[in-house]
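Protein chains in written order, with the numbering used here: chain A, 1 to 219; chain B, 1 to 349.
None of these hints come from the bench; they were simulated from the model.
Worth double-checking, as some hints may not be accurate.
[To be verified] So the derived list for chain A, only partly shown, Cβ under 7 Å to chain B, looks like this:
hint : residue
1    : A151
2    : K152
3    : N155
4    : P166
5    : V167
6    : P170
7    : M173
8    : I204
9    : I206
10   : L212
11   : Y215
Just so we're clear, the structure is a prediction, and the values are computed from it rather than from any experiment.
Yeah, the Cβ is synthetic: ideal placement off N, Cα and C, and Gly gets one too.
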Amino acid sequence: MTALGSVPALIKKEFLLEWRQKYALGGIMLYVFSTIFVVYLSFVEIGPRAWNALFWIIILFASVNAITKSFIQENSTRQIYYYSLASPLAVIFSKIIYNQFLLLILSGIAFAFFALVAGNPVKDTGLFLLTTFLGSTGFSITFTFISAIAAKANNSATLMAIMSFPVIFPILMTLIKLTAGSLFLIQDSEYWRDIVILLSIDIILITLVYLLFPYLWRD
Amino acid sequence: MLKHWWKILGAVLMIYAIAAGMLVPLSPASHYVDNQRAETGQQLELTVTGYNTHYFSEEGAIRAWLRRDSAFSLCADNVSVLSERLLKLSFTIPARVYDKDEAVRFSLVVDNKKDGYSVLPEAVVVTQMPSRALIPPTCDIQDLNDGEYAFTFPFRNILEETIRNLYYHVPLWFAMILLFLISMIHSIRYLSSSELSHSIKAAEYVRVGVVYGLLGLLTGAIWAKHTWGSYWNWDLRQITAAIAMLIYLAYFVLRDSFDDEERKARLGAVFNIFAFAALIPLMFVIPRLSDSLHPGAGGNPAFGTNDLDNTMRMVFYPAIIGFMLVGVWMSQLLYRMALIKEKIIDRMD
Numbered sequence: 001m002t003a004l005g006s007v008p009a010l011i012k013k014e015f016l017l018e019w020r021q022k023y024a025l026g027g028i029m030l031y032v033f034s035t036i037f038v039v040y041l042s043f044v045e046i047g048p049r050a051w052n053a054l055f056w057i058i059i060l061f062a063s064v065n066a067i068t069k070s071f072i073q074e075n076s077t078r079q080i081y082y083y084s085l086a087s088p089l090a091v092i093f094s095k096i097i098y099n100q101f102l103l104l105i106l107s108g109i110a111f112a113f114f115a116l117v118a119g120n121p122v123k124d125t126g127l128f129l130l131t132t133f134l135g136s137t138g139f140s141i142t143f144t145f146i147s148a149i150a151a152k153a154n155n156s157a158t159l160m161a162i163m164s165f166p167v168i169f170p171i172l173m174t175l176i177k178l179t180a181g182s183l184f185l186i187q188d189s190e191y192w193r194d195i196v197i198l199l200s201i202d203i204i205l206i207t208l209v210y211l212l213f214p215y216l217w218r219d
Numbered sequence: 001m002l003k004h005w006w007k008i009l010g011a012v013l014m015i016y017a018i019a020a021g022m023l024v025p026l027s028p029a030s031h032y033v034d035n036q037r038a039e040t041g042q043q044l045e046l047t048v049t050g051y052n053t054h055y056f057s058e059e060g061a062i063r064a065w066l067r068r069d070s071a072f073s074l075c076a077d078n079v080s081v082l083s084e085r086l087l088k089l090s091f092t093i094p095a096r097v098y099d100k101d102e103a104v105r106f107s108l109v110v111d112n113k114k115d116g117y118s119v120l121p122e123a124v125v126v127t128q129m130p131s132r133a134l135i136p137p138t139c140d141i142q143d144l145n146d147g148e149y150a151f152t153f154p155f156r157n158i159l160e161e162t163i164r165n166l167y168y169h170v171p172l173w174f175a176m177i178l179l180f181l182i183s184m185i186h187s188i189r190y191l192s193s194s195e196l197s198h199s200i201k202a203a204e205y206v207r208v209g210v211v212y213g214l215l216g217l218l219t220g221a222i223w224a225k226h227t228w229g230s231y232w233n234w235d236l237r238q239i240t241a242a243i244a245m246l247i248y249l250a251y252f253v254l255r256d257s258f259d260d261e262e263r264k265a266r267l268g269a270v271f272n273i274f275a276f277a278a279l280i281p282l283m284f285v286i287p288r289l290s291d292s293l294h295p296g297a298g299g300n301p302a303f304g305t306n307d308l309d310n311t312m313r314m315v316f317y318p319a320i321i322g323f324m325l326v327g328v329w330m331s332q333l334l335y336r337m338a339l340i341k342e343k344i345i346d347r348m349d
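Only chain B is shown next, with the shape it has when bound in the complex (with noise of 0.2 Å):
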């Protein structure tokens, strides 16, 4: 028992990585308005519909504000609420808001007990039309809460409920590399040693690693059918992960080509070691320098720190250890079973 800890490991933080990847609600927060431009010296209405929010049970503590920058906010005169998850607020817009006649953005930030603060990015373009007026007094923000739900994923425009496919998405891949990386190192015991055991540890290790990268690109899909518009975008970084799978693809169409074991074996490991130091290249650097919509493309980090918020750390740290250990479950499981067909074909003939 002692000796498999980790694979328990591995099941219990996968099973946690699924459980509180799934359930742990969104954080509460202004999701879009309806009005999206104005005038100034205008009368401005705005519908404000709230993801997880609770307008109606925080009814006459809500506050709202049009944030310029740090330098000038407007107070909304009035707030009204129409639901849980309808405001409506109203902003009278001074005759000046910005130094030059032109449009400038203002973000919203809402703000009740219950569900804390949020922001909603240029929710806001105000059209800065000529006037002699200066700029009013700015309406500070302050006092805003922290709200009363501590443990949430943050909730982010476009990414919405999608944020939770970070928790699988991400770690296939990262278990994947790290699948192919023992799969090499087998190949290369394989080669100084002529043991066949490594050779078969090599290639179930390459299926795993397969099973694994076929299922990030499923999750990718599903991803950038969210945030991209459609399942397959040919994006640098799909077609990349693409071509990563037809490589080791290729690697059992070899195999499977020899019927001789030692030859299978021996041509087999000089190719995935040739393949490996395709995939670094394919993985790591050609996505890096053209143009991609995923994260990691053009010379963006792949993933900041600032991304990820102590919650989800929580979730992903763990779900990246668990899928790597359960992948190497896996494969020891399938190395054990090609052992047994072995030995029932021996029995046979």
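One chain only, chain A, in its complex shape (with noise of 0.2 Å):
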């Protein structure tokens, strides 16, 4: 566990440069309220089917500039610094664990400001709460990693944009699917089969980043 044992060290490096950097976390923050704005002018009366539609697309496109600057915003000289001093799974895991966290509060921050403008419909809390969870670890990795190839790239934008939505497409659904039924929009008894989908797609994509990063990394 020696690879690993520089995550916690690099995640406070995550946390020092967000805050040094004040202007990314509060342009994010400004992103979720104003789209939630934008969404509440443009739709006014929001029923719960649309809620949950809506709610879903503000954290994913939220989320993917959040996470886009993961590789992008320190040079790669100072990243190649990174890697001489941690093994490469251990840059990597301490990201999508800061990400997690970044995403959590920025889910939670959207929900308080969405359940402001237009009504909290959610009535099983503890399946929500599970269900955004489980949808934060996945985008987390996905677009952590995503955007670790997009970085290597000229047009990383363009690229994160067109590999990332296409990949996360049964993640969106499953999690649409889940906050439905903790909506109690639809009557499904077997949802734990859709947590089962979540987490093992998630499993999935993490074996897959501890196997391809370290081919990833280097240039």
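Using the hints, put the two chains back together into the complex; each one sits in its own frame.
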């Protein structure tokens, strides 16, 4: 486990970096607020079905925006310095964990603000929290990994969108279905099956990251 | 020559699948009836429209029944032939056909020597009116003919002639999965060996796989138009298939973003493996969970062995092997073209 021993220090570095560049964090927050505002102004009456779809769409776009910068914000020489200090796997895992934390905060704020303007239709809070947690895990792993690929190219913003949206679709579908269950939109007694699917997708993704990142980082 | 046997086999199987799939006729069957509602105690007149039938040549030897279930059926009183494809039947519906006073469905069975028998499920709905009468003795269905046309595809309502699409639509998807799998294996081999040839092979297998996938979407859309009513239904299967195509199109955009061959190959290989892992839940898990009109959704089997009869198997299985072999062959040709292109560019430099 010595390879991953530097993960806590690297996570701390991510927090410090974020704190020193407050504009990035503030930008994401403003992004979430203004999206919800625009959504509310254009819908006015948001039913539970639309609430479900809009909530996840807002989270989806906010996460892409928040995570795209993971590998771009620091220049390549500094990254090589990190890779020489810690194992590459520690670098990506610390970024995944940090991004998941960021996404959870982001989802919390988006939920609070969305509930404030459009009402809170969530009936089964436990299921909703679990869904959000599993969703942010999947988003964090996928987007962090894709951003590591996209960062190697010049047109990274375009690549990030075209590579990550289709790949995230199975997770997004399952999330919307599970959330529909927690809003009592559908009667589904077998929601544990969807949870198992989300969990197994997350496990497959993290395994792939573990296997593939060693080939990805070096230039 | 000997080492190319599989290419010849692939081409032969594909030509066979196209020829046999398109040319073999559908078995004769009663297609629809004009009068679908009746009440007990009535005289019911039915005009039956046949498909590929030979009513005229079999005049006098045609028998017909209305069948409630295995316990009760009615014989036609009178069968008159209007043309090869049109048949007029009359039934006397007794005062009581069912234990309860409610509507009950009857299937129509028509039989003659040349066409064999055919069943039209739920052809007539008979409303049981209140009555003290008893159910009369059943008029048994017996001595059914198998017909003189042995080599035919079954006639299915709704599907009709589009049943042939099974030999193209389904093998295209099977072959696409195989091509993507081979491509992924080449990507793994590239990462472990760093030989550029594996990277080019991976890309060319994906190229043919995407063409197969687009053809699969196209044949699916044609089928959807006939059976579901429109080319694009926003059915979950159609969405996931389209998204699978988007993932692999992104693979090409990614490869084209790099000028450096080594980077292109390495990052392409990493994304290709990732993409295949995303493809599996997309094609095999998600569509089974939600509602979809496509076979294989909501817990249905993709297609049961019941859906295929022996004649269809004789075309379907060769078609799968044929499409797979031709797909591999095309990918290898593309790979060689890419090699030649590279050599020409090198010489020009």
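- Query: Does the structure break any of the earlier hints, and which numbers would those be?
  - Reply: 1, 9
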